[in-house]
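Residue numbers (the numbering used here), protein chains in the order written: chain X, 1 to 82; chain U, 1 to 82.
Treat the hints loosely; a few may be bogus.
It does not matter which identical chain is used: a pair holds within one copy or between any two.
Unchecked claim - Derived pair list, reagent style SDA-like, types lysine to any residue, alpha-carbon separation capped at 20 Å:
hint, residue 1, residue 2
1, 38, 13
2, 12, 2
3, 38, 80
4, 39, 54
5, 12, 80
6, 39, 78
7, 39, 81
8, 12, 77
9, 39, 28
10, 39, 79
11, 38, 78
12, 12, 68
13, 12, 70
14, 12, 31
15, 38, 58
16, 12, 74
17, 12, 58
18, 38, 79
19, 38, 1
20, 12, 39
21, 39, 67
Worth flagging that the hints you see were computed from the coordinates, not collected in a lab.
There are 2 protein chains.
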Amino acid sequence: MGEFMDIHRSMKGVTQDQLAEAHQADLDIQDTEGVNFKKAWADPDSGMVFCLSEAPNADAVRRIHERAGHPADEVYEVPVQA
Amino acid sequence: MGEFMDIHRSMKGVTQDQLAEAHQADLDIQDTEGVNFKKAWADPDSGMVFCLSEAPNADAVRRIHERAGHPADEVYEVPVQA
Numbered sequence: 001m002g003e004f005m006d007i008h009r010s011m012k013g014v015t016q017d018q019l020a021e022a023h024q025a026d027l028d029i030q031d032t033e034g035v036n037f038k039k040a041w042a043d044p045d046s047g048m049v050f051c052l053s054e055a056p057n058a059d060a061v062r063r064i065h066e067r068a069g070h071p072a073d074e075v076y077e078v079p080v081q082a
Numbered sequence: 001m002g003e004f005m006d007i008h009r010s011m012k013g014v015t016q017d018q019l020a021e022a023h024q025a026d027l028d029i030q031d032t033e034g035v036n037f038k039k040a041w042a043d044p045d046s047g048m049v050f051c052l053s054e055a056p057n058a059d060a061v062r063r064i065h066e067r068a069g070h071p072a073d074e075v076y077e078v079p080v081q082a
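Taking the hints into account, I'd like the entire structure generated from these sequences.
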């Protein structure tokens, strides 16, 4: 298991309710890939969304986001933290 | 005060010690701009670093990172969270 930060670049105007709904859609299916989405941060002005997760690998993160209907544009493993 | 996620794109190969040192350099001067750097996540393979902070505005975040010697490439306010 590692920690991952992924980025979505096209969620301009995202509201609190929409982000909560999108995050819940991940949570609903994340166990099927052994992923644990911990937190999401969004900037409605730019459309950037950052998601932090624990997962066996980056592809598992990608698959959950894809199946939940909001594929990630970038996924990075972030093993170094401070 | 708001919450901000900023990105550095050029820290390829960053080690745990180097990230801790860079983060500490922010912490040492952040009070001068009313910023609170809460966490940093790094991917040494891609060189991507993500920093989460509380700050009065994005420019305050930029100024601390610049003065600490590692200017941010992008800064986003992230008021929507899940």
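Hints and how they fare:
no., hint, in the structure
1, 38 - 13, "neither (22 Å within a copy, 26 Å between copies)"
2, 12 - 2, "between (29 Å within a copy, 18 Å between copies)"
3, 38 - 80, "both (17 Å within a copy, 15 Å between copies)"
4, 39 - 54, "both (10 Å within a copy, 16 Å between copies)"
5, 12 - 80, "between (29 Å within a copy, 12 Å between copies)"
6, 39 - 78, "both (14 Å within a copy, 12 Å between copies)"
7, 39 - 81, "both (16 Å within a copy, 7 Å between copies)"
8, 12 - 77, "between (25 Å within a copy, 13 Å between copies)"
9, 39 - 28, "within (14 Å within a copy, 27 Å between copies)"
10, 39 - 79, "both (17 Å within a copy, 13 Å between copies)"
11, 38 - 78, "both (14 Å within a copy, 16 Å between copies)"
12, 12 - 68, "within (18 Å within a copy, 31 Å between copies)"
13, 12 - 70, "within (13 Å within a copy, 28 Å between copies)"
14, 12 - 31, "neither (28 Å within a copy, 32 Å between copies)"
15, 38 - 58, "within (15 Å within a copy, 24 Å between copies)"
16, 12 - 74, "both (17 Å within a copy, 16 Å between copies)"
17, 12 - 58, "between (24 Å within a copy, 18 Å between copies)"
18, 38 - 79, "both (15 Å within a copy, 17 Å between copies)"
19, 38 - 1, "within (14 Å within a copy, 23 Å between copies)"
20, 12 - 39, "within (18 Å within a copy, 25 Å between copies)"
21, 39 - 67, "within (18 Å within a copy, 29 Å between copies)"
In this structure, the earlier hints numbered 1 and 14 are contradicted, and the remaining ones agree with it.
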